[in-house]
Amino acid sequence: MSSSHGVQADSNGIEVSGLVREFKGGVRAVDGIDFAVRPGEIYGFLGPNGAGKSTTVHMLTTLLPPTAGSATVAGFDVVKQGADVRDSIGAALQEAALDPNLTAREHMRLQGALHGMSKADRTKRGDELIERVGLADAANRKVGGYSGGMKRRLDLALALLHGPRVLFLDEPTTGLDIQSRSALWEEVAHLSRDEGMTVFLTTQYLEEADQLADHLGIIDHGKIVAAGTPDKLKAEVGRPTVEVVPTDHAERDRALDLLRKFGELVPGTPQGAAVRLEADGGEELANIIRAFDQAGVKVANLELHEASLNDVFLNKTGRSLEGAQAEAAEDGETGEQPALEGAPA
Amino acid sequence: MEAAAIPIGAARIREHPSIWTQAPELARRSIKRTIRQPAAVIPATVFPLILLAINSVGLKSATSLPGFPTDSYVTFALAFAFIQAGVFAVIGTGQNLAEDNQGGFFNRLQLTPIHPTALVAGQLAGTLTLGLFQAATYISIGLLAGAHIEAGLAGALVMIALAICICLAFGSIGLAVGMRVDAPEKVQSLFPLIFVFLFMSSMSLPRNLIQTDWFREVATYNPVSYMVEGLRSLLITGWDGEALALGFGCALGILAFGLYFASTGLKERMART
Numbered sequence: 000m001s002s003s004h005g006v007q008a009d010s011n012g013i014e015v016s017g018l019v020r021e022f023k024g025g026v027r028a029v030d031g032i033d034f035a036v037r038p039g040e041i042y043g044f045l046g047p048n049g050a051g052k053s054t055t056v057h058m059l060t061t062l063l064p065p066t067a068g069s070a071t072v073a074g075f076d077v078v079k080q081g082a083d084v085r086d087s088i089g090a091a092l093q094e095a096a097l098d099p100n101l102t103a104r105e106h107m108r109l110q111g112a113l114h115g116m117s118k119a120d121r122t123k124r125g126d127e128l129i130e131r132v133g134l135a136d137a138a139n140r141k142v143g144g145y146s147g148g149m150k151r152r153l154d155l156a157l158a159l160l161h162g163p164r165v166l167f168l169d170e171p172t173t174g175l176d177i178q179s180r181s182a183l184w185e186e187v188a189h190l191s192r193d194e195g196m197t198v199f200l201t202t203q204y205l206e207e208a209d210q211l212a213d214h215l216g217i218i219d220h221g222k223i224v225a226a227g228t229p230d231k232l233k234a235e236v237g238r239p240t241v242e243v244v245p246t247d248h249a250e251r252d253r254a255l256d257l258l259r260k261f262g263e264l265v266p267g268t269p270q271g272a273a274v275r276l277e278a279d280g281g282e283e284l285a286n287i288i289r290a291f292d293q294a295g296v297k298v299a300n301l302e303l304h305e306a307s308l309n310d311v312f313l314n315k316t317g318r319s320l321e322g323a324q325a326e327a328a329e330d331g332e333t334g335e336q337p338a339l340e341g342a343p344a
Numbered sequence: 000m001e002a003a004a005i006p007i008g009a010a011r012i013r014e015h016p017s018i019w020t021q022a023p024e025l026a027r028r029s030i031k032r033t034i035r036q037p038a039a040v041i042p043a044t045v046f047p048l049i050l051l052a053i054n055s056v057g058l059k060s061a062t063s064l065p066g067f068p069t070d071s072y073v074t075f076a077l078a079f080a081f082i083q084a085g086v087f088a089v090i091g092t093g094q095n096l097a098e099d100n101q102g103g104f105f106n107r108l109q110l111t112p113i114h115p116t117a118l119v120a121g122q123l124a125g126t127l128t129l130g131l132f133q134a135a136t137y138i139s140i141g142l143l144a145g146a147h148i149e150a151g152l153a154g155a156l157v158m159i160a161l162a163i164c165i166c167l168a169f170g171s172i173g174l175a176v177g178m179r180v181d182a183p184e185k186v187q188s189l190f191p192l193i194f195v196f197l198f199m200s201s202m203s204l205p206r207n208l209i210q211t212d213w214f215r216e217v218a219t220y221n222p223v224s225y226m227v228e229g230l231r232s233l234l235i236t237g238w239d240g241e242a243l244a245l246g247f248g249c250a251l252g253i254l255a256f257g258l259y260f261a262s263t264g265l266k267e268r269m270a271r272t
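Those protein sequences? They're chains F and E, same order as listed.
Be aware that the first sequence starts at 0, since it is given in numbering that gives the first Met the number 0, and climbs by one per residue.
Be aware that the second sequence starts at 0, since it is given in numbering that gives the first Met the number 0, and climbs by one per residue.
Keep in mind the hints are simulated off the structure, nothing from the lab.
Check each hint, because a few of them may be wrong.
Stated by the list, open to error - Now the stretches of chain E that chain F is said to cover, found in silico as 3 or more residues with beta-carbon under 8 Å:
{"id": "1", "segment": "15-24"}
{"id": "2", "segment": "29-43"}
{"id": "3", "segment": "109-121"}
{"id": "4", "segment": "260-272"}
Said to hold, decoys possible - Pairs of lysine-lysine residues, derived as DSSO-like cross-links and limited to a Cα-Cα distance of at most 30 Å, are as follows:
{"id": "5", "chain 1": "F", "residue 1": "K118", "chain 2": "E", "residue 2": "K31"}
{"id": "6", "chain 1": "E", "residue 1": "K185", "chain 2": "F", "residue 2": "K23"}
{"id": "7", "chain 1": "F", "residue 1": "K315", "chain 2": "F", "residue 2": "K231"}
{"id": "8", "chain 1": "E", "residue 1": "K31", "chain 2": "F", "residue 2": "K141"}
{"id": "9", "chain 1": "F", "residue 1": "K23", "chain 2": "E", "residue 2": "K266"}
{"id": "10", "chain 1": "F", "residue 1": "K141", "chain 2": "E", "residue 2": "K185"}
Every residue gets a Cβ at the ideal spot worked out from N, C-alpha and C, and that includes glycine.
My request is simple: use the sequences and hints to build the entire structure.
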């Protein structure tokens, strides 16, 4: 059975159609969104604070009933087959929800028991996962003394304990240092690439979405404003530009002549010459360097400007993602949680 | 991070977990959580002892009132330490649950196939452990301070059983409140209210010696009086079936009431589909 999005219904994918969540006072945190996540891919859900990311995750993980619309996760309806959905998914929600008084090993034991795993199974798999996320040395220490990165890693390990088919990660790297962030990215990529797990990842970081996601949905004010692969979205906004600054500023006109054959000239810095490329940035860069070398024009600086996801956000919403974050902060939306006020949970 | 094989989809082939697997693990967590928070255990145990010491010295002359049932105020007042422990059970149980709500741990539990009964039973296990520890402490210290248990060793064991019932009863009230709030401070705000409720009982004086009519009336309708009197009967009178029945009856009644409201709160809280 195939859906309108081309994703098999009985699969490890996610399908969302016209999903709405309205809170008290008529606030629509999620306002009729549609998207599909293919089995085994990483779907990045990008947006500023308060955009509706966590509310969407809460609905897809069955923690919050939708006001309208429908969604299936791993082939199960999130409203009618909540228990089946929960059996099929793992989730690490926005806060690393851990008991500071328990150790990592005790968390594994509890989580395994709640999923009905045998004692031997939960010990074996728990130890494997603790090792895998690099917490073996701290496994018998109380979680209250863990760093933010360690808590996130344990949270991820707990989400994986029962072997879920679909993994939800709600802003998994918020507040982490670069090293912890990279380690988590590596692990998430491995889960999708090598183990075929479907990953639904919400983030407010452009770089994270760009690096990890196979497909992206950009959400703002509860609506999806753009969707597609990161490359396709960036390509829609505009081709990359290259700017060359000759060592001898008097040769700027020659630089403009040389660049003209690579695309349309665009304004650059006063000393430089810039062109919007017609072909792929990486390939053309080598050709440009070769052309300047053959013409004997010495180059002081050469820069390739690729369209970013922030440009995509700017193009679709009229403001930058950073600007949207600041706006959310001014509105008092420091996280997604306020959007859940008024929810029955 | 190194890779280890995790069978994807393993969750689908497992049978639905039994409550007998879940409840003991939740209970273990609750007990460990209680034991590992000395900042919560010590005041809950020591504060009633301090009040016992103060009252035993300051109100000692009350024993010379005509009709006062014993000449040892320590023996008379010891029962109230058990009830005060109940106040801490309300606050402790409620706060623990509110912390679970606030920190998202409750959502973690909701995402598993958890039985609501296992959750409630597990949460009360820590309360029960603390109640047992407090009861043993109060009896030991009370005896060292000169208190006497008229019903003997068996009576001491019944006192512990009744004290545990009282702690569970108050703990269930904490559970009912904790299900409905998302911040531990909100549970804390109950403290003065419950304390007033406890004091308006036969805690400081036997009901027949309370001179103010309205106070005696309130104390007569206050179930706390009967729980105190049940404990006190074992200390002072010996085996008094009626006092014990009323003490256990009130404790179990409050427990049933608390569990009912905790379960309706849980139903509202677990809004998962």
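Legend entry - chain F covers the segment 15-24 of chain E, three or more CB atoms within 8 Å, holds or violated: n = 7 at 8 Å, threshold three: holds.
Inset, instruction - Can you take a look at whether the segment 260-272 of chain E is actually covered by chain F? Rule is 3+ residues, C-beta closer than 8 Å. - result: holds (count 6)
Inset, instruction - Confirm or reject the coverage of the segment 29-43 of chain E by chain F under the rule of 3 or more residues with a beta carbon closer than 8 Å to the chain's beta carbons. - result: holds (count 4)
Legend entry - Given hint K23 of chain F paired with K185 of chain E - CA-CA distance at most 30 Å: Status holds; Cα separation ~22 Å.
Inset, instruction - Please work out if K118 of chain F and K31 of chain E have their alpha carbons no farther apart than 30 Å. - result: holds (19 Å)
Legend entry - Pairwise hint evaluation, K141 of chain F against K31 of chain E, where the allowed Cα distance is 30 Å at most: holds (11 Å)
Legend entry - Pair hint K23 of chain F and K266 of chain E, alpha-carbon separation not exceeding 30 Å: holds (20 Å)
Inset, instruction - Verify the proposed pairing of K315 of chain F with K231 of chain F, using a straight-line Cα cut of 30 Å. - result: holds (14 Å)
Legend entry - Hinted pair K141 of chain F and K185 of chain E, Cα distance within 30 Å: Roughly 27 Å between the alpha carbons, so the hint for K141 of chain F and K185 of chain E holds.
Inset, instruction - Verify the coverage statement for the segment 109-121 of chain E against chain F, using a C-beta to C-beta distance below 8 Å and requiring 3 or more qualifying residues. - result: holds (count 5)
The structure meets every hint from the earlier list without exception.
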